[in-house]
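Novice: Sequence:
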Amino acid sequence: MQAVLLGYGTVGKGVEKLVNTVDGLDMKAVFVLPEFEDLPYFSNDGEGLVTDPDVDVVFECLSGTEPSNTLIRKALEAGKHVITSNKATVAPNLEDYVKLAEENGGSIQIEASVAGGIPFLDAVLKLQKLEDLNGFEGIFNGTSNYILDQMQKEGQDLSTALRDAQAMGYAEADPTNDVEGMDVWYKTVITNMLAYNTKNDGLRKPLGISKLTPEDIALARGENKVIRHISRSVQKDGRYASVIAPAFLNRDDYLANVPSNYNAQLIYADSFDKIGLFGQGAGQMATAQAMLANALDTMEGTERPIRLDRNLKQDDSLIQETWLVRSEADLSSIPTARVKEGSYWLIGPAGADVIDRIQELDPQAMIALWR
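Quick note: the sequence shown, position 306, residue 306 per full-length UniProt numbering, numbers continuous.
Derived by calculation from the structure, the hints in this document are not laboratory data. Any given hint might turn out to be false.
[Unchecked claim] Heads up, simulated BS3-like pairs for lysine-lysine below, C-alpha to C-alpha not over 25 Å straight-line: (1) LYS274 <-> LYS236; (2) LYS126 <-> LYS211; (3) LYS340 <-> LYS225; (4) LYS17 <-> LYS129; (5) LYS274 <-> LYS126; (6) LYS99 <-> LYS313; (7) LYS225 <-> LYS211.
On a predicted model such as this, the values are computed, not experimentally measured, just so you know.
The task is simple: from the sequences and hints, build the whole structure.
Specialist: Here it is as structure tokens:
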């Protein structure tokens, strides 16, 4: 099979390395943006590459949503097998991609877009074939996990831990998507669709880690808890709900013991209760390996099809949690709200819609799950 590569950054270079180790898969050309030098192996003509009749597989590793979205669509319209790691492009466009693949005889595979080198989406697609999944939860962003780990183990404040994460190559120069939870938001949108075979009915905004302070770290330590940034999703009776937030977890909790920049997930269903996965959720070779695993599935005819046949609706009441809030505002008007100590409140059990009420009273409140 002939392949082309879109993007020659960190992940793209990893894909190129691994393609060269696979018999029967040859890299024909690499698309780079026009500001890069146009060498014989490289091309600035992305559309020409993805519509080339000799090309079977398109690896998409570009950053941002354009030109990645346009080139993915062109490739699928040409009947290509597209493999992408680009969560920001996949999340809002997956329904269209699946339809284009079905109409034109190609395929869309997205294992690397969520949890990097962990075969999480592969497990989700396999497990939901037999029964409805009850939900999933996990740590989906290694940068935020590293920052929280440093804050709690080394006593660093968030800005210092963030600088360390950037120096280690875990965080981008602009870390907004990591610390505000948007990276996890994209991944949760994608996982909801695959786990529940549903079209996207939207997802509430995430709660990130940017409001956490040494005061919160001290509270967690005093209560023998560990703070992690998690995504939780639940499905029941044709409805689903998701929440992305910091969580104060008991020290023996599975997710509380995920160190450094690692990721971990749990998948829930009636027949097996829960299954856990752990590993590197990002990085050059971990992500490239996930993309090449998809390519081998294409070559061997063992791709896991993505079906989005259902139209589940969001229902925030499905997620009932106790919420910890740090706020100087008076939150006593919220049902089940009670003062914990100082400026800390506990609210719940309550659905995720309580977040809206809290933020109406105090837009700067620190809001987290309390378990």
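Novice: For each hint, tell me whether it holds in the structure or not.
Specialist: Right, here's what the structure says about each hint:
Distance check on the hinted pair: LYS274 and LYS236 sit about 16 Å apart at the alpha-carbon level, within 25 Å; holds. For a cut-off of 25 Å, the pair hint linking LYS126 to LYS211 is broken: about 37 Å separates their Cα positions. Only pairs whose Cα atoms come within 25 Å are accepted, and LYS340 paired with LYS225 is accepted, the gap being roughly 15 Å. Note on LYS17 and LYS129: the hinted pairing is violated, with a Cα-Cα distance of about 33 Å set against a maximum of 25 Å.
Between LYS274 and LYS126 the alpha-carbon distance is near 14 Å, which keeps this suggested pair within the 25 Å criterion. For a cut-off of 25 Å, the pair hint linking LYS99 to LYS313 stands: about 21 Å separates their Cα positions. Of the supplied pair hints, the one linking LYS225 and LYS211 holds, its CA atoms being roughly 18 Å apart against a limit of 25 Å.
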